[in-house]
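Here is how the chains run, residue by residue.
There are 2 protein chains.
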Amino acid sequence: MTSPVTFTLEATDGMARRGRIDTHRGAINTPAFMPVGTAGTVKGLYPEQVRETGADILLGNTYHLMLRPGAERVARLGGLHEFMDWARPILTDSGGFQVMSLAKLRKLTEKGVTFRSHIDGSAHELTPERSIEIQKLLDSDIIMQLDECIALPAEHREIERAMELSLRWAQRSKDAFAEAPGRALFGIVQGGDDPELRARSAAGLQDIGFHGYSIGGLAVGEPQEVMFRVLSDLTPLMPQDRPRYLMGVGKPDDILGGIERGVDMFDCVHPTRAGRHGHAYTRFGVINLKNARHKDDHRPLDEASPNPNCRRFSRAYLHHLVKAEEMLGAMLLSQINLHYYQELTAGARTAISAGRMADFAVETRNGWARGDLPPLA
Amino acid sequence: MTSPVTFTLEATDGMARRGRIDTHRGAINTPAFMPVGTAGTVKGLYPEQVRETGADILLGNTYHLMLRPGAERVARLGGLHEFMDWARPILTDSGGFQVMSLAKLRKLTEKGVTFRSHIDGSAHELTPERSIEIQKLLDSDIIMQLDECIALPAEHREIERAMELSLRWAQRSKDAFAEAPGRALFGIVQGGDDPELRARSAAGLQDIGFHGYSIGGLAVGEPQEVMFRVLSDLTPLMPQDRPRYLMGVGKPDDILGGIERGVDMFDCVHPTRAGRHGHAYTRFGVINLKNARHKDDHRPLDEASPNPNCRRFSRAYLHHLVKAEEMLGAMLLSQINLHYYQELTAGARTAISAGRMADFAVETRNGWARGDLPPLA
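Protein sequences, first through last, are from chains A and B.
In this note's numbering, each number is its position in the first sequence, counted from 1, plus 502.
In this note's numbering, each number is its position in the second sequence, counted from 1, plus 502.
You may find that some hints are simply not true.
Here are the simulated distance ranges between beta carbons [claimed, not checked]:
| no. | chain 1 | residue 1 | chain 2 | residue 2 | range |
| --- | --- | --- | --- | --- | --- |
| 1 | A | Glu827 | B | Ala806 | 33 to 39 Å |
| 2 | B | Ala806 | A | Phe730 | 54 to 60 Å |
| 3 | B | Thr852 | A | Ser855 | 35 to 41 Å |
| 4 | B | Pro808 | A | Glu805 | 34 to 40 Å |
Covered stretches of chain B (chain A as the covering partner; in silico rule of three or more C-beta atoms under 8 Å from a C-beta of chain A) [to be verified]:
| no. | segment |
| --- | --- |
| 5 | 543–553 |
| 6 | 575–589 |
| 7 | 779–793 |
| 8 | 824–831 |
Calculated cross-link-like contacts (lysine-lysine; reagent style DSS-like; alpha-carbon spacing at most 30 Å) [as the list claims (entries may be wrong)]:
| no. | chain 1 | residue 1 | chain 2 | residue 2 |
| --- | --- | --- | --- | --- |
| 9 | B | Lys792 | A | Lys545 |
| 10 | A | Lys825 | B | Lys676 |
| 11 | B | Lys797 | B | Lys825 |
| 12 | A | Lys825 | B | Lys638 |
| 13 | A | Lys638 | B | Lys792 |
| 14 | B | Lys638 | A | Lys606 |
| 15 | B | Lys609 | A | Lys825 |
| 16 | A | Lys545 | B | Lys638 |
| 17 | B | Lys792 | A | Lys797 |
| 18 | A | Lys825 | B | Lys797 |
| 19 | A | Lys797 | B | Lys545 |
| 20 | B | Lys792 | B | Lys825 |
| 21 | A | Lys606 | B | Lys613 |
| 22 | B | Lys825 | A | Lys825 |
| 23 | A | Lys606 | B | Lys545 |
| 24 | A | Lys638 | B | Lys797 |
| 25 | A | Lys638 | B | Lys825 |
| 26 | B | Lys545 | A | Lys545 |
| 27 | A | Lys606 | A | Lys545 |
| 28 | B | Lys797 | A | Lys792 |
| 29 | A | Lys792 | B | Lys753 |
| 30 | A | Lys613 | A | Lys545 |
| 31 | A | Lys792 | B | Lys792 |
| 32 | B | Lys753 | B | Lys792 |
The hints are simulated quantities; they were obtained by calculation from the structure and are not laboratory data.
Just so it is clear, CB atoms sit at the ideal spot from N, CA and C, and this is done for glycine as well.
Given the sequences, and given the hints that come with them, work out the whole structure.
Here it is as structure tokens:
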């Protein structure tokens, strides 16, 4: 019998929490950043490189994988871990978010959502029950309920309608999940930027009961201060003994602010996407390697980085790779960005245990504010 | 004082030769396949991965590097080895071949060739003297003379004209090279498919005297049998105590045939380009991973391959990566192809030393002829 997924709260500092999620595929130290392996690969990295950046878990996208190569096919091939040679935990989303942002001819009903694939136009249906089934076929360790995520700003009644639909879908997801030893099911709090709707959503989900609670419907167009306000109001209403996952967030300062407000888990395509676009994240903020100032710069990105790829190549070389559109540029910058995200969350974990999260946050923000080295004279 | 580049002939078997080129940056075991790092990177691989495939040396393209990032810039940044973090030997071509195949508004005179960059239209001139200068700025270990390489079929007088021009440029290249301790200069035999012109070219180059002799003007449109005939006629006319390098060749069967005819060194973009196009080379020939037959195939490319990347992923996963145009597909297949090329040349080296090159060639061709596994039922 596969052991259940459990959460241990190891330390708190203010609202910030350090914890550990244990699964039969290994532990996830929180606060955790989960690299996104959309289509069964974290773009530009070998799976062992993803692990070496410090990632304990990665995220797979149900929408992409159900369309290609198909959930039943992945199951026949031994599940997503086997398919992509990643032995550690995998969290999958429900597919709902991508259906609403990528698919064509979407039609949402109480039952679920029908749509056409953005790849080949084929017709598909995603219901709470089918989403759970797909995620089990993928052999996901942490499964998300299907929800409806709407962009902000939005009308109050529209936010409320989507939140209430998501709650009903949460119950159906729980019923469909049933007993699934070794897997966890997370409910998703919706409610936009409205504290009362968020509170109702959080309470409703806790009545149903989940292994963890996600926060959806943020980073969907609202200013960062709105997101932070929602988090500050919401996390005190969430159970202490369950992990909290802020979906699709974000840039490093979003993550730091989320940790300060009691979030345990994050995911975002930003570090790899930014890498493919020539941007590098370091302790001193973001560096645009397309900029001609790097053309003759022999200095590494950060000579004191713990990441060898940050030290071994000159900015001039990285600039050259980016300008020449060489794969290695995207590969290196994706690795460098994911490594920095892991440094950030690892630093927060250490700081929380030491009771110095506030100092860590100040030091981290000071580094970003210092900014990059001045250009060479 | 940097030690000179030396060649040691270690064993022969028929026309096939096993040898070693010693440089102050390490030894090159021959027959050697040199991966092509066109623009300062072997496309899709980290430099340490290139080494791990078994490569002793890689090739840099003078044409690409002179245009971007520029030879003087590479020199200021410490040379090409430092720039791309490859500590082992590098061979550079002269730039002439790419000028004739990629550049715009080319104009060839006795002095050299003027052209416009295919990247930004900027005007450039390449002469024998400037090519040597650029290759020294790049800090190349093995430098090529500038030559004129023409496509086949061609008129006899046109082949003769280009061969004679190349001989005059060979002398100018030798003069420009002068004393360059630690570096080697190779002359390039031209003469198309004409044995008499090839013989005159080889003799003329030996009169000038080079550290090694390249064979240019092949794999430029002629059938493989023509290339093999030229090699069979030519290599007996080349010095025993100098390495022989067949430029821009080729597919595995071209390389095997070249080794059987006394060639020591090869380079080609084919393994990485084929990898980017979804093709994998194994002992059993080439596998097109775009083919739908792989969609549900759980089997690895070659379960007995010495290359872990050939064993760890299913064909279904590789097919998925290729269809989804994921970077990891191109990365893996480029690595897999380069690894196979190194297995092929390493196998030939062992066979030559053991006096069983003929058997090795038969076994190798039998593997290719067997072809891939039958599709799953």
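Quick rundown of the hints versus the structure:
no., hint, result
1, Glu827(A) / Ala806(B): 33 to 39 Å, "37 Å, holds"
2, Ala806(B) / Phe730(A): 54 to 60 Å, "56 Å, holds"
3, Thr852(B) / Ser855(A): 35 to 41 Å, "55 Å, violated"
4, Pro808(B) / Glu805(A): 34 to 40 Å, "37 Å, holds"
5, 543–553, "holds (count 5)"
6, 575–589, "holds (count 7)"
7, 779–793, "violated (count 0)"
8, 824–831, "holds (count 5)"
9, Lys792(B) / Lys545(A), "19 Å, holds"
10, Lys825(A) / Lys676(B), "34 Å, violated"
11, Lys797(B) / Lys825(B), "10 Å, holds"
12, Lys825(A) / Lys638(B), "24 Å, holds"
13, Lys638(A) / Lys792(B), "28 Å, holds"
14, Lys638(B) / Lys606(A), "56 Å, violated"
15, Lys609(B) / Lys825(A), "28 Å, holds"
16, Lys545(A) / Lys638(B), "37 Å, violated"
17, Lys792(B) / Lys797(A), "38 Å, violated"
18, Lys825(A) / Lys797(B), "35 Å, violated"
19, Lys797(A) / Lys545(B), "21 Å, holds"
20, Lys792(B) / Lys825(B), "6 Å, holds"
21, Lys606(A) / Lys613(B), "61 Å, violated"
22, Lys825(B) / Lys825(A), "26 Å, holds"
23, Lys606(A) / Lys545(B), "35 Å, violated"
24, Lys638(A) / Lys797(B), "21 Å, holds"
25, Lys638(A) / Lys825(B), "24 Å, holds"
26, Lys545(B) / Lys545(A), "16 Å, holds"
27, Lys606(A) / Lys545(A), "24 Å, holds"
28, Lys797(B) / Lys792(A), "38 Å, violated"
29, Lys792(A) / Lys753(B), "36 Å, violated"
30, Lys613(A) / Lys545(A), "34 Å, violated"
31, Lys792(A) / Lys792(B), "33 Å, violated"
32, Lys753(B) / Lys792(B), "20 Å, holds"
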